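*Asks:* Top to bottom, those sequences are chains A and B.
Taking the working numbering, the leading residue of the first sequence gets 15, the next gets one more, and so forth.
Taking the working numbering, the leading residue of the second sequence gets 985, the next gets one more, and so forth.
There may be inaccurate statements among the hints.
[Unchecked claim] Just so you have them, the derived chain B footprint on chain A, three or more residues with Cβ under 8 Å:
| id | segment |
| --- | --- |
| 1 | 125-131 |
| 2 | 253-266 |
| 3 | 296-308 |
Since the hints were made in silico from the structure, they are not lab data.
Just so we're clear, the structure is a prediction, and the values are computed from it rather than from any experiment.
Even glycine gets a Cβ: it sits at the ideal position worked out from N, Cα and C.
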Amino acid sequence: MNPSHTARLGLSLAAFWLAACIGPAMASTASQVPHAITVIYSETDKKAADEIEPIIVAIENDKDLIVYRVRVATGMELAANEARSSGHVNPSANTGAGGIAVIYPDVSEPYRSVFARIIEGIEEQSRSRVARFVLSANLNPEDISNELRRQNVRVVIVLGRNGLKAATGLDRDIGVIAGGVLSIPEADARNISVLSLAPDPALLFARLKAFMPAAKRVFVVYDPNQNAWLLRLAKEAARTRGLELVSHEASDLKTALRIYQDIFASADPRTDALWLPQDSTTVDEASVLPLVLQETWGRNLVFFSSNVAHVRRGALFSLYPDNVEIGRHLANSALGYLSSGGQGPRGVLPLKAVRLAVNARTAGHLGINLAGNQIALIFPEQ
Amino acid sequence: MTRTCIKLLCTLLPLAWTSTAAAQPLVEEDLAMAYGDKATVSIATGTQQALRRAPAVATVITAADIAAMGAVNLDEVMETVPGVHVARKGTANTALYVMRGVFDANNPQILMLQNGIPMTLMFLGNKGDVWSGLPLDNVARIEIIRGPGSALYGADAYAGVINIITRTAADTHGTDIGVRAGSFGTWDTWVQHGGKLGPMDIAAYLRVGDTDGPKETIAADAQTLRDRTSGRPPASLAPGPMNLGRDAVDASLDLGYDKWRFRGGYKLRDKVGLGAGIGSALDPTSWAKSERVTADLSWLDPHIARDWGLGFTASYLHYADTVPTNLLLAPPGAKLGATVFPDGQIGGPNKWERQVRLSAYAIYSGFADHSLRFGAGHDDLNMYKTATYKNYLINQTTGAVTLTGPVADYSVIQPFMLPQRRKVSYAYIQDEWHFSRDWTLTAGVRHDAYSDVGGTTNPRLALVWDASHDITAKLLAGQAFRAPSFNELYGINNPVNKGNPALKPETNSTLEAAFSWQARKDMQVNVNYFRYTMKNAIRAVANTPGSMLTTYANSGEQQGRGFELETVWDVSRSLRVTANYSHQRSTDSATNTDAGYAPRNHLYARGDWRFTGGWQLSPQVNWVADRKRAFGDARADVPNYTSVDLTLRSERNKGHWDFAASIRNLFNATILEPSLAPGTAIPNDLPQAGRSFYLQATYSL
Chain A
15 MNPSHTARLG LSLAAFWLAA CIGPAMASTA SQVPHAITVI YSETDKKAAD
65 EIEPIIVAIE NDKDLIVYRV RVATGMELAA NEARSSGHVN PSANTGAGGI
115 AVIYPDVSEP YRSVFARIIE GIEEQSRSRV ARFVLSANLN PEDISNELRR
165 QNVRVVIVLG RNGLKAATGL DRDIGVIAGG VLSIPEADAR NISVLSLAPD
215 PALLFARLKA FMPAAKRVFV VYDPNQNAWL LRLAKEAART RGLELVSHEA
265 SDLKTALRIY QDIFASADPR TDALWLPQDS TTVDEASVLP LVLQETWGRN
315 LVFFSSNVAH VRRGALFSLY PDNVEIGRHL ANSALGYLSS GGQGPRGVLP
365 LKAVRLAVNA RTAGHLGINL AGNQIALIFP EQ
Chain B
985 MTRTCIKLLC TLLPLAWTST AAAQPLVEED LAMAYGDKAT VSIATGTQQA
1035 LRRAPAVATV ITAADIAAMG AVNLDEVMET VPGVHVARKG TANTALYVMR
1085 GVFDANNPQI LMLQNGIPMT LMFLGNKGDV WSGLPLDNVA RIEIIRGPGS
1135 ALYGADAYAG VINIITRTAA DTHGTDIGVR AGSFGTWDTW VQHGGKLGPM
1185 DIAAYLRVGD TDGPKETIAA DAQTLRDRTS GRPPASLAPG PMNLGRDAVD
1235 ASLDLGYDKW RFRGGYKLRD KVGLGAGIGS ALDPTSWAKS ERVTADLSWL
1285 DPHIARDWGL GFTASYLHYA DTVPTNLLLA PPGAKLGATV FPDGQIGGPN
1335 KWERQVRLSA YAIYSGFADH SLRFGAGHDD LNMYKTATYK NYLINQTTGA
1385 VTLTGPVADY SVIQPFMLPQ RRKVSYAYIQ DEWHFSRDWT LTAGVRHDAY
1435 SDVGGTTNPR LALVWDASHD ITAKLLAGQA FRAPSFNELY GINNPVNKGN
1485 PALKPETNST LEAAFSWQAR KDMQVNVNYF RYTMKNAIRA VANTPGSMLT
1535 TYANSGEQQG RGFELETVWD VSRSLRVTAN YSHQRSTDSA TNTDAGYAPR
1585 NHLYARGDWR FTGGWQLSPQ VNWVADRKRA FGDARADVPN YTSVDLTLRS
1635 ERNKGHWDFA ASIRNLFNAT ILEPSLAPGT AIPNDLPQAG RSFYLQATYS
1685 L
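Okay, chain B solo, but in the shape it has when bound (with noise of 0.2 Å):
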């Protein structure tokens, strides 16, 4: 493999020398004095520029930021964001975004949006454990707020909101055509569009793609344990490879025409392995599929009227999460209390979701001083239907499950969840008052009525100074909630957890102060400090004491602090240098323990340079490290790692083509992302792919 990475550059790099683009100096100089520099240039060029909707601790991932990490997948770029690490869930070893210490094993914390519109699914409150990764190469942004948002975004905007702004017809201009193929058996290949069609904008995106992944080794499994008691052979397939292969479609259509935007989109995860298995254990030959389809339509108009801005949104989301194959729960051969399953324990839960979200806001300017923002809205929120295929029935008071013969229908027997539906209305306001020179205070309130979990009000104070023309420095304040998803509501015949009707949302009350400093013409340094109290955080609790069997409670309180340094240095026109620190310490407040999982340091930097003939290389370098174990968790710390990933890619100097290579975790670090506490189903750890690398070509009509 080495050899193959050193030949791989040994032919890219003569390459990028001899190129045959002739540099335009002369043009781009004109250019860069009347659009400024590139960066500027992509925001004039842009549809639109980033939301400056309230002052936070916000990072704005760039489509240009994207290309030099070499970034093909959502989670690659999620990595390299101060405050945050990706972490991995067993099932389909799903990303898990840790921001600021606060982790769960289902990441209902964070509030994905695609260009504003919430892509949580109710099941989990998250955006879905059959997700398999977003592709990248029709977005042309993404902003990172860390820290609560509730005030503005409502719901799970709690540890923070990553907002995905896709391509419109501005940012594309006529027709690329890209494939990419690398490791694992890993291909894609991608069509996209942007132009007029009569007065109207459009741009269009098709992608499809699929993998073998990673066949990373899982030494022991659930099963692993079973059978040390079982008295019988050995059942479990550990060691193992994970399943991590998945086919991949991914469709957008964008309309503008005027003051309207149509969205509609589409995304197919089909045949995606089950990773370390749902009930962790290995689980080879199983695959699930999903199937998102949304539509969105909205008309904005900043200018109206004098002092009035008016924008509406509708947006209309259909999921569909299924088991065609239904999946191994635990393999054939093991044995369940005192029961042997021949086959292996099976279970298919399947659910259908349908949302549609209606939200309208005005931007009043009128005052002398003061900005006014208010919104309202209502999303009716149905998982209207659910199918439970099974081969065991499970005893409600004990756990024990019983082998009841081949898999049946057992959706009205004994379903895992029945339809549910909520329903959300809510209302806010937001003042922005400019009460002294180079003093504003943006004061801000939600209040979101649940049809199924009552009301919550969510307060939110940003004071900031312009401290002089190369300071400023902020003050931030506010509260934040995440509503109990429907599996911790309503969940029934699980064979641990179990749901609680009763449940309350779950809230964060966070403090921060950030800096941002022009330390030089050519850098940009910010630092944060922060500190933040979780309460009533939902957790499953035994239901006796010891007891493997548990309820979802409002029981469990965190409180966490630490600090984020960030900066981009422009050391030469040919080379910059972004690069982020995070520290933090979060503590299970009822154990007095590190809360476990989340990184209590983390190191990013990454170099950009560009040389002769339009190329440009990005090393990055990856710091991982001081993942202490939850309570109740004896193993060793996770162990800490440093991945080192290389990309060269053309910009676009010459013709039509455009090439990509890219070496990821270069030197072949260890990586692992901690399994759950207290780490009897996966002893050690989930292993994440080795070195790897893939080439890309894109060809532009």
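For reference, chain A alone in the conformation it holds in the complex (with noise of 0.2 Å):
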């Protein structure tokens, strides 16, 4: 069954609203006053009417709380405006989503069981199913805010790059997290919260420290389209950590196979390391991967990576997300914004989430002992 129509069908189920009303005998803070709640739903829907019956009668058998039960005709969205617009009341709704909803677009595997692994980390830590979009053709902007204010969501989780785009277009007053994207432009990145699959350049650095605990100074080559934002960052982490970080603009990938050449030929091997960061201009695969692997293993240099991949061909280390763990923040994030009432960080965040790959080889021939080490991933796998 479609995941939106599962959501669908648990929302129409609870398809009621609990208003929370702290009335006039609340504003007496009169004590011995009994609070008072009103249960309004919608005469149409009675399986949920059925449904919500019991926990009802149970409320009611509070010595301490009066319920009213207010059924109304009309649908439900109007029937909260109403209660909101009376001044009274503080409506809050209970739409089985706990106010969250996922969007992210449909990817192929292996990339879907990133997406299902975060999706499972983001319920895991705001104890409620989520409502899940999934972007397809289908699934227009307009189509995805009607749902999300028929269920009264107000802040969404957008995954990958199209699940972004898709935000763009959504109701002003619903807070955006975003996940599952390396970085945004920053002027787009002013509003929402952004949680990058860039790992934090802190914990690369104290990585690399814990490793080769000599080293000094660490390359980079960027593209400053990229990765400005990353670097600002970086710069500052290397300094907490008694790093110099030499970084190289590049805007083209002549420049930066240039650049690469003269580090090598300066670099130090004993206090020097290189950082490839996930930047498309200046990591490119056929040119500058193989060039930095033969090089840093004839040098002795010490090369780590934001890309898991590169230590499946060489290099020293990287940090690749935590998925279930990204999904924990994302969550709270949300969670926040709810809570704050839509007040919450903005811009791009690093990946703090991360586990740690290691390549064996590469290492036994830097001469770098690994024991001690929590590694989640060792390469080469024979």
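Combine both chains into one complex, guided by the hints.
*Replies:* Spelled out as structure tokens, the structure:
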């Protein structure tokens, strides 16, 4: 069954509004006066009403509560708005989704599993099943907006660049938390919170120091259009760790290759290391990676990468995403948004939920002892 | 049939191009830069990676590989592995995974593991003759090690080890329902689920299916030969079709909680046709049944303390191999010696096994440049019950059979075997010593103490040199052993072969040199050279020269050598080519002739072409050549064959449906697997399926 159908089914079963009414009686703050709760439900939704009946009866048994039942013939949204406009009622909804939705693209395996694990983490942390929207040709932004409104979703977690794109068409009062992307233009990140897939340079450098205590300099070649935000963080992180980050900008491959050659000519393997960020301009798989693999091996130079596949090829280590943990982080951000009434951090955050991948062959070549490290992935596999 | 195939392709290919799936290049680009290529992502999102236990010549087949090759059965995967050819046994057409020229009618020289636990049954020392295949829908990965592995794995890791890793909750998200139907009245349906049950990871799988099996013709059988001299009307049912129908149920449950994992499994094979017959005489009506129940509990903490890792496993197996209909050893009207059997010679061997295995290991990495692994275990392997039904008695001196009347219970009077029990205790140690920059020496030794065949100690040595950033060289030496099966030790009242309780384990010493070369950024090349010597090989030896009556003895010696070359080349983002070529020459030392059965040359190649709309087309070709006859078999060499398969499948790019279509043996090549020497029983070898196809649909909730 389509998850969104499942969510809809759940939502229709729970299609009632539980309005906590801190009304005039509450306003008097007389502790002897019982609290009043109004349950508003639609007469058209018989099934939901039947299912909620035992819950209401249980609430009614509490002597400190008075329950008012209001059956409406209109849609629930209208009833809620009316209740809210009365000024005495603070409506809260039981949508079955906890006010959080996830929008994500329909990608092929194995990336589909990545999103599945992230959503697993979101649900674990939010302690409820979130509403899911799988982006497809049949689902346009207006449909999503309508559905989010209908389910009273106040914050969405969008995964992947396509999810982010879909979020731009949503109502402005719906908060957006983004994950599953490397980075987005800084102007676009002003109003939303983005958890990048780029591992936090601070963690990378900490790991480098653990493997190579004598490290003093880290070389990196990057395209400012892609990684200016990350390099700002990296410089600060390097300073904290007592490292000098020698960064070179390159906006094309040719320039990048020339810089790499210069680095290899001048680097001291006893104290220097090379970092390959996630950068499609300066980290080309066809030309840069073979050069880096060959030169770093020949010169016994430590090289680490933000891309775990490079460890398979020969990078000493990488930090790759812990998907369930990412989900938990995103859920926390969404819950924070809800509890703070729409306030929360904005901008792009680097990834802290990471696991360690190491190439034991390269470590052996460099004379690095891996014992005692919590390693999630070891290459080569055989 | 050809027309059907063409129609099928004509229907599916346009469907492929017009698939409504929207490509997600941007998303995948981001993910690829974070998680790496698809192969790395699969590893990074799965439960655990391949076991890095010891340097070896190994192949890992992933679920993605399995899907690409269109394989639905383990046998189809094994045929694609370098150095391996899948031969067949006449009885039930059971697969024999022949590695590097080591052939035996029962295939006990391969250790088959499921999630690291032996699947070996004691009666024949193999996976069981009523096997009827293993489905792959629930398989996450298959690890195949060629060469000796007894220093770590113990008995039967002789020619190689196959470890089947099933899916856990990390490999399955949500619920998948699948159905597959194809030639020979074959259908399968399955459901699998992966998710959470409170704090627990849960994965479950259920598959039900059946088939009538291919009806390839056996032109002549053992009875055909007897008929020639019987002076009676022919009794043989040949020419006639092999009986290869079966019903199948497979179920498993996988629960994970913190460091604990529990697995339960059930495998039923019912109404299993006997192929060319248990007595090499066609038996169209009888059938056998096997039922395997497994459970295991394991605990693993790779970082229990500084420099220490620890793990243990306890496992249980119950296996019942029964013949509810009894079996025709010879057809009605057959004359055996001087006796005519009006209803045929009928036998019903039944056996039940119960196995408990306990093992524990520890890893210590506290010494500089050393990583130590040591472990110990105990196995209680009990064939606790046997039952024999038949309508004849055997003269134990002459081997002559006498008709006794209707089928009766001979479990006490003249059983095929009495219950037997074996206990094994073992311990091993391995040290991986990084003794110099780019050089590692791994040394290991294991001792196994058997309650019935004594002790055996098997060492292994591996020297690995990381010669450059793109070349690794390995030099491997090791000794392996195979414990005699209960049938070889204790078989009694068999019309032909008699057990020998004095048997010792047979051994295999192997030397390998292997090179791994990242030839280009998109091309990996592996090549290895091997040579081996088998000693004390267990063979059925004639009681007197020329006699048909034999007794098992440690009498054989075989030598072999060869090489395997394999490559994976990512030609472009949408095309990957996988190919391997294997060559081997194995010689029986006593006769100085080819050991027979196994192909000297074997080539396999597959292309995986991903095209618009998230579809993948994978043609594959398999060339099997130069299979000589064993000593004493005067028949011409087994004919070479080239088979081509074609698989088209969707890659879960859209919605909840997935489809696959596969044509096997597209050009209807004649495929024959050798029958046993000297070829008098099944003279024309064992014919395998011609062209066939299947269609498959999967729906993901």
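*Asks:* Hint by hint, say whether it matches the structure.
*Replies:* Hint check results:
Using a Cβ-Cβ cut-off of 8 Å, 6 residues of the segment 125-131 of chain A lie near chain B, which meets the minimum of three, so the contact claim holds. For the segment 253-266 of chain A, the proposed coverage by chain B is not satisfied: 0 residues have a C-beta within less than 8 Å of a C-beta in that chain, short of the threshold of three. Coverage of the segment 296-308 of chain A by chain B holds [criterion: at least 3 residues with CB-CB distance below 8 Å; count 6].
The structure fails to meet hint 2 from the earlier list, while all remaining hints are met.
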